[in-house]
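In order, the protein sequences belong to chains A and B.
Counting in our numbering, the first sequence runs from 50 upward without gaps.
Counting in our numbering, the second sequence runs from 24 upward without gaps.
Treat the hints with care, since some could be wrong.
[As the list claims (entries may be wrong)] Computed list of lysine-lysine pairs in DSS-like fashion (alpha-carbon distance at most 25 Å, straight line): (1) B:Lys34 x B:Lys102; (2) B:Lys100 x A:Lys389; (3) B:Lys134 x A:Lys571; (4) B:Lys134 x B:Lys34; (5) A:Lys101 x A:Lys118; (6) A:Lys551 x A:Lys571; (7) A:Lys118 x A:Lys571; (8) A:Lys95 x A:Lys325; (9) B:Lys102 x A:Lys376; (10) A:Lys376 x B:Lys34; (11) A:Lys321 x A:Lys310; (12) B:Lys134 x A:Lys376; (13) A:Lys389 x A:Lys376; (14) B:Lys134 x A:Lys389; (15) A:Lys389 x A:Lys424.
[Said to hold, decoys possible] Chain A is faced by these chain B residues, among others (derived, beta-carbon under 8 Å): (16) Leu125; (17) Cys139; (18) Ile151; (19) Asp160; (20) Ala176; (21) Gly177; (22) Pro178; (23) Gly199.
It is worth saying that the hints were derived from the structure and are not from the lab.
Cβ atoms here follow ideal geometry from the backbone N, Cα and C, with glycine treated the same way.
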Amino acid sequence: MLKSLNFQDLRKKAGSAIDHRVRIITAGMGLDELRAVVRGDPPTEKPNPRYKVHTTSFLFHIRPRYYEKGSTILSHTFRLGFFTAFFFFLELFTGLILMVYYTPSPGAAYQSILELESNVFFGQLMRDMHRLGAEAMVIFTALHMLRTYLTGSYKKDRSFTWLTGVILLGITLGLSFSGYLLPWDQLAYWAVTIGTSMAEAAPIFGEQVNLLLRGAPDIGAGGLLRFYLGHVVLFPLLAVLVISIHYYKVSREHGISLPAKYEEGNVSAEVKKNAKSRLDFIPDLLSHEVFLTTLGLLAVVAGIVALGYSAPLESHANPQQTPLDTKAPWYFWWLQGMLKLGDKSVMGIILPTILVLVLLAVPYIDRNPHRSLFKRPWAVSIGILSVILLIVLSYMGLPTYGIEMPAATRIIQDVAPEEGPGPLYEVPFDQLQPGVYAVSENPPDELCPQIDFGCPVFTEVFHGYNDDVIHASTAEGLEPYQQLPNAEAVMVVEDWQNDLRKVTMRITWDDVESGESTTYEKHVFIHRNSGGE
Amino acid sequence: MTDKPDQLAEKRLPINRREFLNLAWLASLGFLTLDIAGVGYLFAMPIFKEGEFGGVVNVGTVSDLPPAGSPPANYPKVKVWLSNTDQGAVALYKVCTHLGCLYNWNNQEGKFICPCHGSQFTAEGEYIQGPAPRSLDKFAISAVNPQTGEVLAGPTPGPLPLDGLPSDALIQIDTGDKTQGAPKS
Chain A
50 MLKSLNFQDL RKKAGSAIDH RVRIITAGMG LDELRAVVRG DPPTEKPNPR
100 YKVHTTSFLF HIRPRYYEKG STILSHTFRL GFFTAFFFFL ELFTGLILMV
150 YYTPSPGAAY QSILELESNV FFGQLMRDMH RLGAEAMVIF TALHMLRTYL
200 TGSYKKDRSF TWLTGVILLG ITLGLSFSGY LLPWDQLAYW AVTIGTSMAE
250 AAPIFGEQVN LLLRGAPDIG AGGLLRFYLG HVVLFPLLAV LVISIHYYKV
300 SREHGISLPA KYEEGNVSAE VKKNAKSRLD FIPDLLSHEV FLTTLGLLAV
350 VAGIVALGYS APLESHANPQ QTPLDTKAPW YFWWLQGMLK LGDKSVMGII
400 LPTILVLVLL AVPYIDRNPH RSLFKRPWAV SIGILSVILL IVLSYMGLPT
450 YGIEMPAATR IIQDVAPEEG PGPLYEVPFD QLQPGVYAVS ENPPDELCPQ
500 IDFGCPVFTE VFHGYNDDVI HASTAEGLEP YQQLPNAEAV MVVEDWQNDL
550 RKVTMRITWD DVESGESTTY EKHVFIHRNS GGE
Chain B
24 MTDKPDQLAE KRLPINRREF LNLAWLASLG FLTLDIAGVG YLFAMPIFKE
74 GEFGGVVNVG TVSDLPPAGS PPANYPKVKV WLSNTDQGAV ALYKVCTHLG
124 CLYNWNNQEG KFICPCHGSQ FTAEGEYIQG PAPRSLDKFA ISAVNPQTGE
174 VLAGPTPGPL PLDGLPSDAL IQIDTGDKTQ GAPKS
């Protein structure tokens, strides 16, 4: 009896029982092994228990056992694929939280966003993170694709991976665009109206597609619900499915591509061997991923808190009134630019479809076996040209390009836009001194000398307005619609109510064609709490 | 090299009963998928009710209309600009033919201008300039005797001449009958 209660023996037994339990939970690693991992020691047993985890645990089964050392060089991947996935999971997480407060109906959606921003702890932060994450996900998807293209990583074994990647690009845009409508503000409503109208350009079935998307001839309750369900169910499910396929190919089949110089460059066998040596997932890649995740979270929060990114929210959607300068989301500006160039169905549907097909087929078109930049002059120059073309087209998609907005409307819209931020709205309320300020060749350097510190912000805004009017009135070589002959203009600030001021901008000029005196004016109301700080 | 396909062809076995039945089974699965797609399409396709947008709307009598040559009148509920021109009345669908924004009447310039991409149209809905592919779409418009319901003029997509119509005749717009504007030349 006493013998069986030997203290040493008991300790050994307990130790091995605990070790056994730990092995079951970690799917292969015992206590000694865990300690070795933390200490940075090599595996304690053979076969390597760290690889056993990848066989027995589901979550580790879909992760790689190791990557080749050379493929993990930062300047080769820039971790772009990792961050794309990171933002996807950030979107899932913040999106789930936002869903708690969001109601997908035209009567309640906007209200629920206001509620979220003003009356929920960290509500605004969650929405900003969700929006910033969405923009970042689009950017990182595109950059990841560009990197893959430039390093020639889509060749041979990886051609199908590239194909799933292009599908993921489409899904990412779908996710982002379907979320655009949900706040139900003017920005959302009209950007999505424009976006779905592009679908209408498709020959034969265009109108049907548009009806299916909108649920009615115009976007309404049905359309909002459709976009919502697409955003929270359909696209995320598709994304999880395709990401799994895409990622499994990388993690379990072909790994991350080695930089071209190790594969076909003139390097010694030893360097090559070193580049192909293994960097194990446990613990090296895993701890690096944890580090990148926290870095990503820090960057997103810093972007919001320190750099001041905030998700835009305009006034409530009004299906009866299209605001000036309405545009599609920025990642569709290239499409808008193309639409300005020609026929809607050629530019809006046929060319983009060809583009997508070419993108899908890149690995099958490009038969050049080399991966080094210098051995693929055609592929690289086409890639760079496409990027430049995309940027130029995006610029042409801006509302300031190629749209003949009458000068007076343009000038006042620039000072005080119908929707969104504008210089006048940034002026601190106290600097907005009541008075009549007339546009002249030599405007005063300081608009309100009666205040001790003057009104620098307001003065700057007024000078911008002043210079624009003088330019349109006197400059040579302007198009007729840009001219304001004999222009006279004022900006009037009145006290309207307690803490509410009315700003009137009025421009009078002689019409270019008829010579008649013409007036354009606009009133803006600014409340003490609505303006700049 | 060249005789390989022949070898393959020789080796190819004739279709047997199981293969045929399996292929028929796969084909029927294909038809089932098509069925489901068709049902899904019909299920998701919205249906419009009479009287809503898409139905016939009274916009008032002839005497209610703004005089010829005056700025067009806005009928927000039915998405129509009613323009009374020298040739008669036209009911313009107030959605720009470009990308679906709502264009507005610009009184200074005397034309419709779309705020999104700057397409411009005359009061009659004719294309002037901008990225729009065609002139504005028009709804069929008709004049009806208010007592008997007898159709006095129209329905026509073009201008409905108002001369000779009694001043109490009802003007009706059929928002289900849309005619596309002429493509720009």
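We went through each hint and held it up to the structure:
This hinted pair does not check out: lysine 34 of chain B and lysine 102 of chain B have alpha carbons roughly 69 Å apart, beyond 25 Å. The straight-line distance between the Cα atoms of lysine 100 of chain B and lysine 389 of chain A is roughly 30 Å, outside the 25 Å bound, and the hint therefore fails. Between lysine 134 of chain B and lysine 571 of chain A the alpha-carbon distance is near 20 Å, which keeps this suggested pair within the 25 Å criterion. Distance restraint check for lysine 134 of chain B and lysine 34 of chain B: the Cα-Cα separation of roughly 75 Å exceeds the 25 Å cut-off, and the hinted pair is therefore not satisfied.
Proposed proximity of lysine 101 of chain A and lysine 118 of chain A is supported: the alpha carbons are some 21 Å apart, at most 25 Å. In summary, the hint linking lysine 551 of chain A to lysine 571 of chain A is supported, as the alpha carbons are separated by about 10 Å, within the 25 Å threshold. Between the alpha carbons of lysine 118 of chain A and lysine 571 of chain A the distance comes to roughly 64 Å, so the proposed pair goes past 25 Å and is violated. The suggested pairing of lysine 95 of chain A with lysine 325 of chain A holds, with an alpha-carbon distance near 22 Å, which does not exceed 25 Å.
For a cut-off of 25 Å, the pair hint linking lysine 102 of chain B to lysine 376 of chain A stands: about 21 Å separates their Cα positions. Of the supplied pair hints, the one linking lysine 376 of chain A and lysine 34 of chain B is violated, its CA atoms being roughly 62 Å apart against a limit of 25 Å. About 9 Å separates the Cα atoms of lysine 321 of chain A and lysine 310 of chain A, which keeps this hinted pair within 25 Å; it holds. Note on lysine 134 of chain B and lysine 376 of chain A: the hinted pairing holds, with a Cα-Cα distance of about 22 Å set against a maximum of 25 Å.
For the given pair, lysine 389 of chain A sits about 12 Å from lysine 376 of chain A by alpha-carbon distance, which is consistent with the 25 Å threshold. With a CA separation close to 20 Å, the supplied pair lysine 134 of chain B and lysine 389 of chain A stays within the 25 Å bound. Proximity of lysine 389 of chain A to lysine 424 of chain A is assessed by CA-CA distance (about 37 Å); at most 25 Å being required, the pair is judged violated. The beta carbon of leucine 125 of chain B is positioned within 8 Å of a beta carbon in chain A (closest approach about 4 Å), and the interface hint is therefore held.
For the restraint placing cysteine 139 of chain B at the interface with chain A, the shortest Cβ-Cβ distance is roughly 5 Å, inside the 8 Å limit, so the hint holds. The beta carbon of isoleucine 151 of chain B is not positioned within 8 Å of any beta carbon in chain A (closest approach about 10 Å), and the interface hint is therefore violated. At about 12 Å, the closest approach between the beta carbon of aspartate 160 of chain B and any beta carbon in chain A exceeds 8 Å, and the interface hint on this residue is violated. At its closest, the beta carbon of alanine 176 of chain B sits 27 Å from a beta carbon of chain A; the interface hint therefore is violated under the 8 Å criterion.
Here the hint on glycine 177 of chain B is broken, as its CB sits about 23 Å from the closest CB of chain A, past 8 Å. For the restraint placing proline 178 of chain B at the interface with chain A, the shortest Cβ-Cβ distance is roughly 20 Å, beyond the 8 Å limit, so the hint is violated. This hint is violated: glycine 199 of chain B has a C-beta 11 Å from the nearest C-beta of chain A, more than the 8 Å allowed.
The structure fails to meet hints 1, 2, 4, 7, 10, 15, 18, 19, 20, 21, 22 and 23 from the earlier list, while all remaining hints are met.
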